[in-house]
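Sequences listed follow chains A and B, in order.
Just so you know, we're using the numbering used here here: the first sequence kicks off at -11 and counts up by one.
Just so you know, we're using the numbering used here here: the second sequence kicks off at 2 and counts up by one.
The hints are simulated quantities; they were obtained by calculation from the structure and are not laboratory data.
Model, not experiment: these values are computed from the prediction.
Be aware that one or more of the hints could be misleading.
What the hints assert, rightly or not - Straight-line distance between alpha carbons at most 30 Å, and here's what the computed DSS-like set of lysine-lysine pairs gives: (1) Lys77(B) to Lys66(B); (2) Lys95(A) to Lys35(A); (3) Lys95(A) to Lys17(B); (4) Lys66(B) to Lys35(A); (5) Lys17(B) to Lys77(B); (6) Lys17(B) to Lys66(B).
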Amino acid sequence: QSVLTQPPSVSGAPGQRVTISCTGSSSNIGAGYDVHWYQQFPGRAPKLLIFDNSKRPSGVPDRFSGSRSGTSASLAITRLQAEDEADYYCHSYDNTLSISVFGGGTKLTVL
Amino acid sequence: EVQLRESGGGVVQPGKSLRLSCAASGFTFDDCAMHWVRQVPGQGLEYVSGISWNGANIDYADSVKGRFTIFRDNAKTSVFLQMSSLRPEDTAMYYCVKDRAASGPGDFDSWGQGTLVTVSP
Chain A
-11 QSVLTQPPSV SGAPGQRVTI SCTGSSSNIG AGYDVHWYQQ FPGRAPKLLI FDNSKRPSGV
49 PDRFSGSRSG TSASLAITRL QAEDEADYYC HSYDNTLSIS VFGGGTKLTV L
Chain B
2 EVQLRESGGG VVQPGKSLRL SCAASGFTFD DCAMHWVRQV PGQGLEYVSG ISWNGANIDY
62 ADSVKGRFTI FRDNAKTSVF LQMSSLRPED TAMYYCVKDR AASGPGDFDS WGQGTLVTVS
122 P
């Protein structure tokens, strides 16, 4: 059971917009800790996609955006492409556990 | 270019020990906290341990506390994970991860390719 809750899967057709939620609590996202997002392809290491809730590292397309509100965060992907099919993980810090925590991951399928 | 190269994984019997190493290059190593994150094949990411730039701050997941020890050698730009009393549930791909911040907790902006640890009789 992950501290941060994500839907196991989401799907969308090419060109559509999808969102992936990440629900935490008052000891992590709700405490004001930043949320980060990672993209992982099968057999590959995760890659940073969004940091500090809404910032994109260099090279990440602006089709990817992030937001945080209250005890939750969201990753939005617009103009969906086949190459976006991957697993996505949210990440934050929990001050009760005193460690970083991840969501359980969401598998994005492009129909 | 940031590079993180893990080594030391392999097959080990339950109760035995193993040391993972991560050689870092391409950035100012002692400006960054470092972490280990593991992933059972087909499952999600699990935070294992982290160490601040100077080793003053260290954290561990409850699942490994008392059995794993993280340490770093800034002169050799390397971070290590000493794993003892290994259990079958420790079987996973172990990733060495660079933090954007010196003392954490920041985002994990670079990941190694991972080293596979298999704990089996």
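Ascending list of hint numbers which this structure does not respect | 3
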